[in-house]
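Asker: Each chain is listed here by its residues.
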Amino acid sequence: MRARLYDGQTTAAQACDLEVAGGVLRFEMAGEPRLWPVSEIEVEALGPDVRLTRRGAPERLIVQAAAWRMSSGRTRAADRWRAFRLLAVLAAGGMGILLSVFVGLPLAAGPLARATPPDLEHRMGQSLEAQMTLAFPPCRGEPGQMALQALGTQLGEVSDSPFPIRVRAVEAEMVNAFALPGGTILVTGGLIDAAEPDELAAVIAHEVAHVEQRHAMEALWRSVGLGLVLDAVVGGGTGVTQQTVLLAGAATDMRHSRQSEGQADARGQALLHALGLSSTGMATFFDQLAQEETAGEDEAAGTIWAVFESHPASRARAEASQARARAGRPGFTSEAWAAIGAACDRESERPGRGP
Amino acid sequence: MTDINPPAGASEGLRLSQRARLRDYLGLSLKVGILNLLTLTLYRFWGRTEVRRRIWASTYLNDEALEYTGRGMELFVGFLIATALTVVFLLVVLGVQLLGPLGLILLAPLYIGLIAVVGFAFFAATRYQASRTAWRGVRFQLSGSGVKYGLGYLGRVFLTVITLGWYWPAAELRNAAPLWSGLRFGDQSFAFNLEAAKKENLYGPFALAWLGGLLAYGLIAGVAMMFMGAETSDESSVPEGVRFGAVYLAAMLGVLVMVLASASYRAAVLRAVVRGIRFGGVRARLNLTAFAVLGLILGNALLAILSLGLLLPMIQARTARFIINRLELEGQADLAAVRQTTDRGPRQGEGLADAFDISLV
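For the record, the sequence lines run as chains A and B. Letter 221 of the first sequence, counting from 1, is numbered 221 in the working numbering, and no numbers are missing. Letter 92 of the second sequence, counting from 1, is numbered 92 in the working numbering, and no numbers are missing.
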């Protein structure tokens, strides 16, 4: 079998004769015999030719593919067992990552959150609040802020929260409330405008429950795992496989967020009961939300997308809260409620501006 | 063809040709896609290696195919190292945030430093690929300092930012220069002639691309503000589906405008870089028009979209064939004088470049 030989030192081609006998390829280079076991030879198809190499050897041999097939009985680097073993290890690795990220990490997120030093969580909350203040400046009505804080303090005392509870109203039109890591709860002006007193009290109790159970920290651990780890494993990626894995990660994250919301509803109501306060506001608040949701959009979309929303469908939450509701004292006195209503009122707290 | 024509000694002219048959990449694409799925994409390092082997093996210089000698494991180890570095970086960012307001000031240099890391990663990826490329059994190498390249890259990005983008054409040539002047085939050096590269008219096409970019950005931002701003002010007037549809459509249009406007610049930059390359007495020329680039980009985009990204290997082969077959080499090089060196290049692959998603093939 004739071959073109490159010696791995220069670019000059040399003519060379190859012989295969007893599973060994034999050729001569500069008068020296070379013996390559056929099983160790890598074969690369080059049109009508093949290129023969052996790992670690500098020489390259180019022979006609047909001639090589005839004399060696094979055309491929047939280390199929090696390739199969690699695939098995990779598939097992992928499965292991899949299990640990989708099952292990969400399970571990709760214990991890509770094991996080409260001081660290508190500092993270401060840093986050500083960033949020840029978008949502605090409301200026101090009496209203104090009334909100009073309820927060009471709820905090009956809870097992590792942090003192701090409640602040912020200027924002949307209807929302946030529990930051480390015990700070932000309530938007839009929520204050939209809610009845008992409803606002219920929302604050819900957020206190988030703080107590360290859900913000848990969500952080979970999203670190699902987002960063998965992203690192699949390499960001634009292919359909990468996107599928990342979407599955996002869906898992959402599923666990919804569980946390349901827990916080129930625990929030229990905290209100412990203070002898009414917990009926929770149900009416979600009822109102559910009505607005169905009024604005068609219902079919509402049910389909409920799977992907972080809050369980408001209707279901309203029903669950209704079943747990108990009557009691109002969460805010009428004076307190008046002060809260004025807290984010721009005209009232900036003397000298406007009529 | 195994006819033996030992070179006569002396100098040789050079001819490049890319002979990939795209239908051969259908099966390979499918195989890589399925194995990626089975292994949670961990197979991608081996898949990429196999695709490169195929593309290299169908690229012929003077009727002898190039050889890609990289291994999937090298890319995988590079990936692990890059992942470890990323974790360290994120821990530093987290730690700095806990320092309070002062920490936020420290974040800026950290993120600016990332630009230098991108440059370093690009250099390292090129070095890896060069060292895993051989022809007639002799390896290529990239010499030079990745750190120096990263810092230079950072400087050029800075100049681009303060000139509102207008330094970018000059920056692109200077980004290419160290990669070509540092390239070696065996013990023989390539060179990059910046003056020759500069003879290509870059600023005319760039002006077009710049204005197109401005137009596209204005279009997307305008539509987004018009429709997304409506969310807070007046919810009921425009249904949500229509709003998202409009923004999506604007984004697609914007991208199309950008592709159309920048095609002639992309072609010009490639022509300019190729014009600067020297190896011995060999000079290169790229016969590439804006229309050809447009056809390549739109064809690739279509293949990618219709196959949901599965045909990426075919797209890479198509791109390689497209560029290489438009290369013309003139002049002679003394190939008989080339000697292999003992430098085998970096031990592991382009992990950092992979992390930043900037490797080309």
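Worth flagging that the hints you see were computed from the coordinates, not collected in a lab. Possibly wrong hints are sitting among the right ones.
[As the list claims (entries may be wrong)] Taking beta-carbon pairs under 10 angstroms as the criterion, some of the chain A residues facing chain B (in silico):
(1) Gln9
(2) Ala12
(3) Glu44
(4) Arg80
(5) Val103
(6) Leu107
Just so it is clear, CB atoms sit at the ideal spot from N, CA and C, and this is done for glycine as well.
Asker: Against each hint, give a clear statement of whether it holds in the structure.
Answerer: Hints, verified against the model:
1. Gln9: 5 angstroms, holds
2. Ala12: 6 angstroms, holds
3. Glu44: Interface hint status for Glu44(A): holds (6 angstroms vs cutoff 10 angstroms).
4. Arg80: 14 angstroms, violated
5. Val103: Since the shortest Cβ distance to chain B is 14 angstroms, the answer is violated.
6. Leu107: 19 angstroms, violated
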